[in-house]
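Join the two chains into one complex using the hints; note that each chain is given alone, in its own frame.
Protein sequence lines, in the order shown, are assigned to chains A and Z.
Each step along the first sequence adds one to the number in the working numbering, with nothing skipped, and position 209 is 209.
Each step along the second sequence adds one to the number in the working numbering, with nothing skipped, and position 334 is 334.
Derived by calculation from the structure, the hints in this document are not laboratory data.
Pair by pair, the computed Cβ-Cβ distance ranges are:
1. K159/Z / A49/A: 52 to 60 Å
2. K159/Z / P37/A: 55 to 63 Å
3. L22/A / Q67/Z: 27 to 35 Å
4. N264/Z / A49/A: 45 to 53 Å
5. L22/A / A377/Z: 46 to 54 Å
6. G386/Z / D51/A: 37 to 45 Å
7. V38/A / Q67/Z: 31 to 39 Å
8. P360/Z / R143/A: 50 to 58 Å
9. L9/A / D62/Z: 49 to 57 Å
10. D51/A / K138/Z: 29 to 37 Å
11. G72/Z / D51/A: 28 to 36 Å
12. P19/A / V290/Z: 48 to 56 Å
Bear in mind the structure is a predicted one, so any value in this text is a computation, not a measurement.
Even glycine gets a Cβ: it sits at the ideal position worked out from N, Cα and C.
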Amino acid sequence: MWLFALPALLINICIILVPAVLTFTAAFFIWDGVGMPVWAGLANFQNMAADPVFWSALTNNFIWTAIFLTVPVCLALVMAAALLMAPKARIVVQSIIFLPRIIAVAVTGRIFQGMIFSPATGVVAWLNEHGFSISDPLADPDRSLYAVAAVDIWHWWGFLAVVFLAAMRQISVDQIEAARLDGAGFFALFRYVLLPGIRPTLTLMLILTVIWSFQVFEFIFIVTRGGPAYGSEVLATFAYRHAFFEGDVGQAAAAACVMSLFGLCATAVYLWLQITDDAQST
Amino acid sequence: MTMTRRQLVASIPAAALAAGLPRGAYAQDGRKVVTFWFGQANSDGQAALRSDLVEAFNASQDKYLLQLEVKGAAVNNLLKVALVAGNGPDIVQTAGPAYLTAIANAGQVLPLDDFAEKYKWKERFLAPLLNTSVYGGKLYALPRDYESMHLFYNKELFKQNGWKLPTNRKEMEEVADAALAKGIIPFGAGNADWKGVNEWLMTVFFNNVAGPDNVRKALAGELPWTAPPFVEAVELSKAWYNKGYFGKNYFSLTIEQSFLQVVNAKAAMAFSGTWSFGTKSYGMSKPDTVMDVAPTPTLGSAFSGSLVHLACGATLSIAKTSQNAEGAAAVFEFMLTRKFYEAMNRDWPGKWALPVKDLPPEMLSGIGYPLFEKTIANLHEAFSKGQYGFTTWTFWPGATNSYLIEGIEQVWLNKITPDAYLTRMQTLFSQEAKEGKVPPLPPRTA
Chain A
1 MWLFALPALL
11 INICIILVPA
21 VLTFTAAFFI
31 WDGVGMPVWA
41 GLANFQNMAA
51 DPVFWSALTN
61 NFIWTAIFLT
71 VPVCLALVMA
81 AALLMAPKAR
91 IVVQSIIFLP
101 RIIAVAVTGR
111 IFQGMIFSPA
121 TGVVAWLNEH
131 GFSISDPLAD
141 PDRSLYAVAA
151 VDIWHWWGFL
161 AVVFLAAMRQ
171 ISVDQIEAAR
181 LDGAGFFALF
191 RYVLLPGIRP
201 TLTLMLILTV
211 IWSFQVFEFI
221 FIVTRGGPAY
231 GSEVLATFAY
241 RHAFFEGDVG
251 QAAAAACVMS
261 LFGLCATAVY
271 LWLQITDDAQ
281 ST
Chain Z
1 MTMTRRQLVA
11 SIPAAALAAG
21 LPRGAYAQDG
31 RKVVTFWFGQ
41 ANSDGQAALR
51 SDLVEAFNAS
61 QDKYLLQLEV
71 KGAAVNNLLK
81 VALVAGNGPD
91 IVQTAGPAYL
101 TAIANAGQVL
111 PLDDFAEKYK
121 WKERFLAPLL
131 NTSVYGGKLY
141 ALPRDYESMH
151 LFYNKELFKQ
161 NGWKLPTNRK
171 EMEEVADAAL
181 AKGIIPFGAG
191 NADWKGVNEW
201 LMTVFFNNVA
211 GPDNVRKALA
221 GELPWTAPPF
231 VEAVELSKAW
241 YNKGYFGKNY
251 FSLTIEQSFL
261 QVVNAKAAMA
271 FSGTWSFGTK
281 SYGMSKPDTV
291 MDVAPTPTLG
301 SAFSGSLVHL
311 ACGATLSIAK
321 TSQNAEGAAA
331 VFEFMLTRKF
341 YEAMNRDWPG
351 KWALPVKDLP
361 PEMLSGIGYP
371 LFEKTIANLH
381 EAFSKGQYGF
391 TTWTFWPGAT
401 NSYLIEGIEQ
411 VWLNKITPDA
421 YLTRMQTLFS
431 QEAKEGKVPP
441 LPPRTA
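Just chain Z, same shape as in the assembly (with noise of 0.2 Å):
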């Protein structure tokens, strides 16, 4: 049949209306599709993505097909677009409680007791970390993983200088001079590529100087942010930056220059978080001979020993919108499989470590990188026991978190006090108290 040229031009409209209609919900092999759109990831990750996640579920049942997407570093502002508009993935993906607040008290997710239920999630995963999903008496995500910040340190430059790994401020400090000495910058750190690197600090700083009862007192609305620990926490960070311990170029470094500069033992040390095992370009290896990780030491007087920080790096949920809630319900028990926990923490270590209950050590040490065995080990028993600290990116609401970054760098380089900083700070969290806006806190044991 041969179109004449009024047909065809009447025909274009009809054709672009129906190339922009939603793609529908079978694949041509009848599978139910479910859809994904994942953030950032490396070539690595987005290798381990494919195979480990989509390739594997897809082959370990015949009734729904992922689909995955990668989205980008934008993905959370085009999350909340596509969700309004009633477009969004069916699972969708947040980069933690703090952002899944918004989303949730819109209703734009599905509660999930019903598949809790179903599937016994409430039994399975640690309750500090489900619980920060929790609105209203209803789960509205499952935590993708735990992170917390750690200490990283050069362990073979630590032996060369008998230097010993630090357990409080004094003998932290007494290294961190001792490095600067022979010209070691003590802590290798940069933002220039990512500011967050402002709230990793923060969050030790808070937490360790402070005291991670005095930051749930805050976080609860029971102490102001203007209280005399969080002061000697700020002023803390500002004096360490003042004499160099975090280098002389801080706001012109990357993560990754600033990371190879402690395994290259141009630094002794950095603070950093779970998530740098699943980066291969930081130049750790596994067996590793130069790095070694530890939790972080108090920095002051609130509390003895050292400190794990509960982070929940995101948080997976189901579109209110999504056609295919059970499809989406089979991926994320596929997730809790152990073939899978194994393969994704192998291929991209830190990034998938959900924080399932039962985790035997023959689980982790099919995972063949040690450092990473011991490190998610100690962090599953600190988490379990509600031994922990509280990250910035997961329990500060949105806007007191946004000024936590940007307004300490006012701090570091003499433009306001200490003061001034938590008086806003506090200003600013005292609003979204009101508003509903802090996350759910989960409950500390000492």
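Next up, chain A with everything else stripped away, as it sits in the complex (with noise of 0.2 Å):
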């Protein structure tokens, strides 16, 4: 058996647990990147700790978490479910809705940058022409996270609802019909009968949803960069912004650190459910 898992095992130690350990050892020392590192016991957690900008970062990736595990997964599971009743429009939208996710990160937030939200180019500069007086979101420190968040939600819930429908499909037949004929409307049947069945797939997501929350950068970064004035940062540019522009490797794997206890929370509650899943099937 050991001998099975032997390739993976060696690309996760190699490619994973090493940087993990790296890192975490990182954040203990003072490095720039290039000299000798020095060691500095719990200093780059103080420091960071005395940072408003990290309280401000960690604060933004909370509050993209809840963005996310409502929005996307409210309208994903809507258009899942309304999929599932219409079969005949099923493929044609879920082409449609699934698109975005296939449109490279980069394009996406340009897209938007350039085409939607600038004053100059976009269709922002359009609708003032026209009499609406719209500012940019993306320069806005209180709403541009918000409007980075919008970007994300458009690149990334069609993917959700594929998924959803998929578990959707997995739901009998038998169940959907006999709720319907026991007098059951969409939203009964929405909630007593499919949102039950998509229970492990959706309790996966959501918990997928937290980690990736906490890791959030490539929409961030490209389209504001964490600003203006840090209204956009969160713990991934802030980490970024330490390791890249200002030679503190230490404080950068420090704020990785937290950045993965939050992964690790979300990971121990899922293989808790999954435990207690376990014990009441057997």
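Okay, structure coming up:
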């Protein structure tokens, strides 16, 4: 069995475990990325705790998580249920809503930045020319995080809908028909048949959403770089800035440890739910 | 000879290993290879690099073969990792002395003193720029160029409105207010694609309000950043931002879009650097009938007249692990030829304005870009005399500079006060000064 697992195990050790251990170790050193690391104890964590930007970045990660646990999930669940009921439209609609997922993140980010939100070249500019007074949300520190989240939701929710639809299609048709014969409408069917039927998939996607929300980087970095005025800063952009602009790899590693901590918590919850499910089924 | 399946399978790891080995230091024609990574370059720039540097150097001699790779915006990060791993290029180009400090302090690049002696580089480069790469008495890099912030303005627009080129804060604000009253943006500016635009502006505010002597004192640790001259500088930047001097869309426009506003008479002026000459998409032309450029005027009471700001946009070193240091030095020596200077500055103005001491007028006039030639001639004279301010990207240490860029947005958007901004800057600067991360400071004459 071990021999069978060896290739995957080796890859995991080399490209996941070793960098993870090195990153964790780096969090306890002052290191500029090129010179000799100097032992710093908990100084990086203390400095981070004293930095208000860290706390606003962490708060933004929580806001991001809350947004992604609700908005795209609700949109995707409703769309998946609707597509389950309308098999004829399924292929066309799935193709359309899945399309944003296959467009490169950098392209999506630039499209929204230049063609939607830009007050010079985007839809916002057009609306302003036609009498609507709308400002670029990416330029407002109080709205920039939500604007980037909107871009990511556009990119993400279709994928989620396809996953949920695939899970719903595993539910017994008899069960759905029986509910309908009993007079269940769309919402009753959704609440009492479809949602319980896809609970394992839904739980997995919610847990993954929490993990990914604490790792979010690319959309924010491409569209706002965490600004303006740190308005859309999250832990990943905070870590990147420290590592590559400020030459403070130790501080960046400490931020990465905090990101991982939330990922670990989410993973632990998922494992606990699995164990509980196993115990109940046996 | 045929291979058995077993032999073929056994050869795969060996082939993979061979493919991963570093390339040999010799080219097929027996010349020693010199590798050079370059960061961002537009299409004109890449063409100039290939023809004026690579092909011209390789044709000029038969001992070395220069191989150039354009790595893109992430080159600084790639370079650091590669140097630590011992796999960097022979020629190490950094984005200026502030980036070089960590690499030189870590001993990842060779001291160039022997080559400097051999090729008389110390006698041929302007001392203020060459000395920004001296650490512990040793020279670790050559400056690739000099740059400065300037006031670019639409001379046609000024003429139409009867505006005169401002020479102090009062006149500048009069022109800006007059422009605003006509619906013209006073200063075209935008940082949507490059947050570094914040530091271009803050270089002007710190130097031209607080004065270059105070800036030098602060960089030398003799005056805190919280001192009144710097508070005045930050407060003025905030006041101008809030008055709309930089337009309503500073955070939404790209550099190119904002500069084009000036060229297209939607904005009157722009604080930008000498690199603007080398970007065709900015809309300037040679000869230019619309745009003109001048050193930035005083914006406070610390000095009168105008000021240029000493900057080195890139440094050139030789990697510690280079197997061909002689070849890399030969490339540097080639860059010092008059033919290269003229060709490179003609094809990519401003990017490779080598800070050589000897810059006769006929050498500049060969470039064929009058506005650029005038600017470089003025810059050369000011730098030679020691009359300059200090740019943030050359003289501020990394973390302090990063905060200067990010934190000023908080000030402009009323998230923190100028005092809080400068206090945080002082804290970071003190720490970095203690760690020896402040780049060397050249002397200044009034």
